[in-house]
Structure formats: structure tokens, C-alpha cells
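Participant: Full structure from sequences and hints, please.
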Amino acid sequence: MRRSLIILFILVSLPASLCATEDPDSLFKAGSELYNKGDHAGALELWQEIADEGLYSPALYYNMGNAAFKIGKTAHSILWYEKALLMKPFDEDIRYNLEIARSYVTDRFDTIPELFVIRWFRMISLVLDSNGWAVIAVMLFALCLVLLLLWLFSGKPGVKRLTLTATVFSFALALSALGLYHGNRRVTIKKRAAVILTPAETGMSSPGTGGKELFVIHEGTKVKIEEEAGEWIRIRLPDGNVGWITSGSVGKI
Amino acid sequence: MKILVSLLLLFILPVLTIAQDITVTVEAPGVVAVGEQFRVVWTVSSRGGSFTAPGFDDFYLLSGPQTSFSSSTSIINGKVTSEVKNSFTYYLQATRTGNFTLGPGIYTEGREDFSSKQVEIEVIESRDAAAARNNNQETAGAGAAVSDAGEEMFLRVLIDRNRVYMGEHIVATLKLYSESNLSGIRDYKFPDFSGFLKEDIETPQVTSLTRENVNGEIYGTAVLQRYLLFPQRTGTIEINPASLTVLVQERVRSNDPFFGDFFSSFNTVPRMISSDAVKITVQPLPAGAPASFSGAVGNFTLETFTDRDSVKVNDAITYTIRVAGNGNLRLIPAPDISLSPDIEAYEPKTASAIRTTTSGSEGSRTFEYLLIPRYHGNYNIPPFEFSWFDPDQKRYMTARSSASEIVVTKSDEEQEGTEIFGGRTGGDVRYLGSDIRHIWSDPGRFRIDGETMLSGNRLYLTLLVLLVLFFLIILLRREQIKRNADLARVRNRKAARIASNRFKVARTSLKNSDFRNFYSDLLNALWGYLGDKLAIPLSDLKKENVMTALLEKSGSEELTSTASDLIDICEYNRYAPSGGNDDPAKIYDMAVELIKRIEKKV
Chain A
0 MRRSLIILFI LVSLPASLCA TEDPDSLFKA GSELYNKGDH AGALELWQEI ADEGLYSPAL
60 YYNMGNAAFK IGKTAHSILW YEKALLMKPF DEDIRYNLEI ARSYVTDRFD TIPELFVIRW
120 FRMISLVLDS NGWAVIAVML FALCLVLLLL WLFSGKPGVK RLTLTATVFS FALALSALGL
180 YHGNRRVTIK KRAAVILTPA ETGMSSPGTG GKELFVIHEG TKVKIEEEAG EWIRIRLPDG
240 NVGWITSGSV GKI
Chain B
0 MKILVSLLLL FILPVLTIAQ DITVTVEAPG VVAVGEQFRV VWTVSSRGGS FTAPGFDDFY
60 LLSGPQTSFS SSTSIINGKV TSEVKNSFTY YLQATRTGNF TLGPGIYTEG REDFSSKQVE
120 IEVIESRDAA AARNNNQETA GAGAAVSDAG EEMFLRVLID RNRVYMGEHI VATLKLYSES
180 NLSGIRDYKF PDFSGFLKED IETPQVTSLT RENVNGEIYG TAVLQRYLLF PQRTGTIEIN
240 PASLTVLVQE RVRSNDPFFG DFFSSFNTVP RMISSDAVKI TVQPLPAGAP ASFSGAVGNF
300 TLETFTDRDS VKVNDAITYT IRVAGNGNLR LIPAPDISLS PDIEAYEPKT ASAIRTTTSG
360 SEGSRTFEYL LIPRYHGNYN IPPFEFSWFD PDQKRYMTAR SSASEIVVTK SDEEQEGTEI
420 FGGRTGGDVR YLGSDIRHIW SDPGRFRIDG ETMLSGNRLY LTLLVLLVLF FLIILLRREQ
480 IKRNADLARV RNRKAARIAS NRFKVARTSL KNSDFRNFYS DLLNALWGYL GDKLAIPLSD
540 LKKENVMTAL LEKSGSEELT STASDLIDIC EYNRYAPSGG NDDPAKIYDM AVELIKRIEK
600 KV
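Chains A and B, in that order, give the protein sequences.
For the first sequence, numbering that gives the first Met the number 0 begins at 0 and goes up steadily by one.
For the second sequence, numbering that gives the first Met the number 0 begins at 0 and goes up steadily by one.
Read the hints as simulated data drawn from the structure, not as lab findings.
Certain hints may be false.
[As the list claims (entries may be wrong)] Label pairs and their in silico Cβ distance ranges: (1) PRO112/A to SER309/B: 53 to 63 Å; (2) PRO289/B to ILE188/A: 51 to 61 Å; (3) LYS251/A to THR397/B: 44 to 54 Å; (4) LEU550/B to PHE115/A: 55 to 65 Å.
All residues carry an ideal CB built from backbone N, CA and C; glycine is no exception.
Facilitator: In C-alpha cells:
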């Protein structure tokens, strides 16, 4: 039992040390130097190269947001900040800058407040990435099984009672870790939110240009993606309205 | 009598006052035709001296001088203003064509000479003569061909140049030319000058026409209005035509063959005339404008100053920027000055002292900043830069003011105020602006897209593997327990037999009265039996363990205590001298009895 746990441990922790080449680090540094000199566009270009390689980190997204903001691409900066915030949901700098960037957005909505439980759940689910939650879920499940074994085979009544409680407890924890894992994937992998990048976009009542025009939203507005149908996506505005826009006009967070 | 004196004084006074400031002006037509009679008048603002006219060598003096005198005195709010006009009029006739100069007329009073300006007079060929020369043959109906008044009459918009830089001034003059007499002008329609910033140049009211030679013809001209124009966009800008209606005096000829000319009368006829459109090319300013350029075109000087160098906290100080010169002064915006945030600066007070003349807008524009230092210390008002485009030199010029230093001392009030309350009243930190926070220098650990090891199915597969592992372990453990249970059963079955063998050994010792060995053997047999029977390994064979197991398996406390007592007795007698007091045979029986009971119960 113990050996199998160790093997599992190695299996899980291995990928963390496999990635990360040296190149992106120097690119990142070069970009920072350009930014400090005031060449924000140049910095953004270098950082974009890193992102194009499929690499990402909260710092990269945060810096790209800053550079985009400085050259006036407010909508893009919001997109980058949101991406960074997914990885570091409690970071003060990201929140502060996002707040400033948002103040440049034209559209103001009476947002429907989310249920605090849902908000908390999402916040907690973003504390770790989905991988982290998966590892924790697996470990808790393993612990639960070990405790169950102890309960089954222990002769002493005191031990039996203790292990039973612990089993139930760890099982509940494993289930919640699994839930958080799904919560995390819901926002990070499935990309259910997006930022409007084109200056103005018209929301239609149906996919395609045949529908009726419902509303006009402007760049920087954050919307929820509810459905995708080819070129068109169904979005939900912060005030709860729903419409179809072309998928090319948004950047998925 | 008194009245007489004062009256006398009234008349003498103006003469006395004027005497100190004598002007001599001359009035003469600019252009005359050969044979024409004209008038030259010198006017002196004094009387009592003598006037000497210049020589009239180039002209024929018809008559003169005729002198006339007039004076007027006005007293307004006790201020005496008087005007004396002493004029000398000469009638001349031009004899030949050319440009002639009449020298200055000299007025001598006391020992001082006052002279007028020289006068230039242009004499041109008379139209009649020219016409006669040109059309010698057609002179027959000379009488009928007389005045076709109003034919030669036009309006012009004159501009001093038609190629300018953006923002450079142009002088536009609206001028009326007429050969005949006019009795009035009405219905002015001035161009709208779209594309220009227009400023009116003060133009005197038209009272009479000035004679002027235009291509050999004498015209009466009148400047109706002068404008200063500043182009507001580049490219070709057209000035719309101006138009107006003039009232022409036309001679109505009588049909009377004898007295026709003599009794002819004048009739006033309105005529509308308009000017041509004028095109002006506006060039854009050349590239390479300095950063401090804000659209000023012309020629300027810059001056900055403060009203004082040292001031107390919360006292005001005035900082003045003054731009003076010639150009589009009105368009110069209030400059931004960068000051320490501890100095409160108010919106500048802008004042313009601008004269609009034919040579452009001249004057100065002043920006006064009221500064109030809110904290003591030495402050610098940074040098201020002002740039403009000089159209004459065709390049940008920049002037830089010197930096001004202000020393701000603590105000007395502040010190007193703080001491009363026994501590400094600290203020909140003042925030000057907001910006996004700076970038992070640490890139952190880069992750790769789709890196997650335990995503989706793989996570559940892992959980399943764990579950399978779990059941496998349970299965193995069950198997092991079962095998162990079998082992125990064997030991259990054999326990009685092994015990009886050991009891035999004990009996032999009992027969030989070897009590010490007897107890040892007996204990050996008991321990061995209990270990086998209760499936307790040899290593765990302690009294407590055995007794607990026995109690658990038999469920009888009486039996357990009997076993416990028996073992205690055996242990005691084993080490007691001379084998103890108990009867060994009885103990042997008790042990046999105990085993029998255990066999039954367990």
C-alpha cells in the first residue's frame, strides 16, 4: 500500500519538473527591460513570443496586461489581467490594475450579483490549478481508502471509531477537492468567459446576420460564453441579457 | 469791465497755449492731369508768424496765397481744448507730365521754424488729350462722347501677398475706384473671409475720394475697409467677392440746342458693383516643429518674471509670462507650467494688449499665474520655453525664459497655531495621480498549455486504480487471516495433546518429589497450552495478554481468575524454599481440572 502511494506521488510530481526551458526567462527579462525604458510595444511583442510558444505564467500575463494598457489597448489589457487573475485570484497588483483598466470601459452594467456561495466556490477553486486539485483529490481518496482498511482490520474498538470518522471525513474532503477540480476546469480549460476586443459589437438575436439586432457592446466588456455554434457564440452580458456575436470579436479568458 | 477782461483772456489764452506746439500740415492731390487746376493748402495751428511757401517751379501758379483763419475752443470738465486753423491756399496748374516734389512749407514764429512734409505730385497726361491722340479721326462728335459717367468704376480687394504660411497675416484692403463723383455708398456686402481669422484694421470713414493714378488714368479712390487676415487652414482659400451700391451723380443733358450745357442738371443713379474673387495660397508650416510649438507665427520675444522672490507660506505670488511681438498673438494659448505640487497654481489670467495695424497684430499677450506655496522651502519655477515660426526667416525659433527661484518661509501663524495644541498637525499624504502598478520582474514558473497530468479521464482512472488496489488489499488480507485462522485451529487441536505430554513430565517430577522441577514443568505445560489454545505467539506470551485473551474467548471471569490464581501459585511455589506449603498433588489436579474446563469452554 505504502509503496504504491509513493509511486503515485512520483507520477504526480514528475511533470512539474519537466517543463520550462531557459529561453522564455531571458525573453521575459528582455521584455521587462524594454518596458522600463518606455518601449511598451516592444516589450509586449517579446512577451507575446513567449505566450505564442504555449508557455504562460501569472507574471507574464500581468506584464502583458500592463504593456497593453500603456499602449492604449485597454481591452487587451483587461483580457491579460483576467487571465492572470485566474492563476492568482487573490493577487493585489492584478486586481488593482484590472480595476483601473476597467474604468476605461465604456459599457456599464447593473450586474446581477452572484450567489456568494458560488463566488466563494469559484475563488477557492482558483487557489490551485486544476492539476493541483486533481493531485489533492487523488491523495485524499487514497488516504480515505487507507483509513477504511485500518477500520476494517483493526481489532481495537478505539482505533475503529477513530478510523471510521477519519474515513468519512477524508472521503468528504476528496469529494470537495474533486468538485473544486471541476470548478477550476470550468473557468480555466473550458473558457466560459471572454472580453470583447473589437471597438463595438452588435449582439444579434440568432447566430448569423439574419437575426434582429439586440444591443451594442464595446471593447473591454467581460461576457460569459454560453454556447458556440461555428463562427458564432452565444454570450451573456453582466446584466443577464443574451445575444449572439461572432467569435472573432472576443478574446477568451 | 470784468467780463471784458475775461473775454479777452478767453481769446488770448488759446493762442498762448498752442504756441508751444505748432504743427504744419499740407494737403495736396496725389495725381493730377496736365492742364488741370488744383489746390495746395498748408494749415498751421498757430497765427502770428509768417509762412513761406516752397517754389512752384514745376507748376503754374494761378493764384495764392489765400489765407483764412478759424479757431475753436472747448472746455470740457475744466479742461481747455482749443484748435486754431491758419491756412494758406495756393491754386496751381500742372503744365507737363512727370513726378514732382513740392518742398516743405516753412512757418516762422519768433525765431523758430516749423516745416511741413514734402508733397509728391504725379502729373499724367490728361484723358482728353490721350483720347484725342489715340482717335484722331473720331474727334468729330466730341461733344456727344463726353462723360459716360459710371463706366469707369470698380471695386477691388487688394491683398499684400497671395502666398503665405499658415497663421501668417495678410492685409486685405477693400478699395473703391471711381472716375466720377459719388454722392454716397450703401448696401455694403463684405466678403465673409471664411478660412481666415479676421480682424478689422481701424479705417477712417470715407469722406472724400483720394486721387490716384491707375494705369495712366486718374481715379478717385476710397479705402472702405482694411482687414488683417490669419489663415486657419492650408491650401487655396478663395475670398468671396465684395459688392456694394454706389450713388453716382450723372449729368442729365438738356435737349435745348442753345442752352443745353448751361442748364444741364445732375441726377443720382444707384449702381451695384462688385469685386473679383481673390485666391490665396496657404502653405503648411514646415516639418520639424519644436515640442513647445503651439501655433504661434510671427516674431516674438518672451519674458517671464515674478513679482517677488521670497514669500511666506500661504501668501500669493504672481508669476507672469509675457509674449510680445507681431503675429497671431490672439491665438497663443496659455502655456502649461510644471510646478512643484506643493505650490497651488490657479488658472492664469490672460490679458492682451494688441493693436491691429497694416503691418500685423502688434502688442503683447500676458499670462498671469497666481501661485500660493503651501509648504515652506526653496522652489524653482522651471524655465519656460516658447516656440514660434518666423515666416521671414522660414524657420522655427525658440525662446527660453530663465528659471525663477522662490524662497518660501514658514508663516508666523502656522508656528503659533501648532504650538497651542502641543503638536504638529500632520496632513494626509497627498496623492498626485494614479497609474497602473509596475510590471513584475520575476517571471515565475512557466507552465505549458495542456500540461495537466491528471485531467479528465486520467484522474478517474487513477481513482479507479486506487479502488481496485483497495479491494485487492482487502482480498489479500482476508486470505491471510483465513490462513492464520487455520494455523490457530491446528494449534488449538494439538494443544490438549501437547499439554498432556507435558503433564506427564510434571507427574514424573511429582513422583520423584522433585517439587521445584514439578512446578517448572507444570508452568511450562500451562503456558504452552494457553499459547496454543488462544493462538498467542510465544513472543506475546505474557500473563496479562493471556488472561485478556482467555476472558475474551471463554467469557467466564471465574475461569480466568482460577487460571490466573493457579499460575500465581505455581510461580510462587517454584521459587519458594522447600517447595512451598501447598500440596503439589492437589495443584496438579487443579491444573488438570482447569485444562479440562478450558477445553470445554474455548
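Participant: Now tell me, hint by hint, if it's right for this structure.
Facilitator: Results of checking the hints against the structure:
Evaluation of the 53 to 63 Å hint for PRO112/A and SER309/B yields a pass: the beta carbon distance comes to about 59 Å. The given range of 51 to 61 Å is respected by PRO289/B and ILE188/A, whose C-beta atoms sit roughly 55 Å from each other. A hinted range of 44 to 54 Å for the beta carbons of LYS251/A and THR397/B is consistent with their spacing of about 51 Å. Take LEU550/B and PHE115/A: their Cβ atoms lie about 58 Å apart, and the range 55 to 65 Å holds.
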